[in-house]
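Produce the complete structure using the sequences and hints provided.
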Amino acid sequence: MSEDDFRLNARFAEGAAFDVSMLRHIREVNRKEMVIFPWRKGDILVLDNLLTAHGRMPFTGNRKIILAMT
0 MSEDDFRLNA
10 RFAEGAAFDV
20 SMLRHIREVN
30 RKEMVIFPWR
40 KGDILVLDNL
50 LTAHGRMPFT
60 GNRKIILAMT
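By numbering that gives the first Met the number 0, the letter at position 63 of the sequence shown is numbered 62, and the numbering carries on one by one without gaps.
Derived from the structure by calculation, the hints contain no laboratory data.
Some hints here could point you the wrong way.
What the hints assert, rightly or not - Label pairs and their calculated CB-CB ranges:
id	residue 1	residue 2	range
1	GLY14	ASP42	37 to 43 angstroms
2	PRO37	GLY14	39 to 45 angstroms
3	ASN48	ASP18	24 to 30 angstroms
4	PHE36	ARG10	16 to 22 angstroms
Glycine residues also receive a C-beta, built at the ideal position from the N, C-alpha and C atoms.
Written out as structure tokens, the structure is:
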């Protein structure tokens, strides 16, 4: 698999690209550790960006984003 096969790429702080095998390993660990929970109307999520690798799965419907940064 080449770097072009990944939708996203990542770089170290000094700018060097991650090796494709590193990206593959990170994504594998991410999938194994993923926590998925059912959303219900009115639910909110509060998280610490420094402690959490976060994302979302695809969905249909409307969404409302409210952001507060401190």
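Note to self: Does the beta carbon distance between ASN48 and ASP18 stay inside 24 to 30 angstroms, or does it fall outside?
What the structure shows: For ASP18 against ASN48, whose Cβ atoms are near 25 angstroms apart, the range 24 to 30 angstroms holds.
Margin query: Between the beta carbons of PHE36 and ARG10, is the distance compatible with 16 to 22 angstroms?
Written below: violated, 31 angstroms
Note to self: Holds or violated: the 39 to 45 angstroms window for the beta-carbon distance between PRO37 and GLY14?
What the structure shows: Holds: the Cβ-Cβ distance is about 40 angstroms, inside 39 to 45 angstroms.
Check: Between GLY14 and ASP42, does the C-beta distance stay in 37 to 43 angstroms?
Finding: holds, 39 angstroms
Taken one by one, the earlier hints fail for this structure only at number 4.
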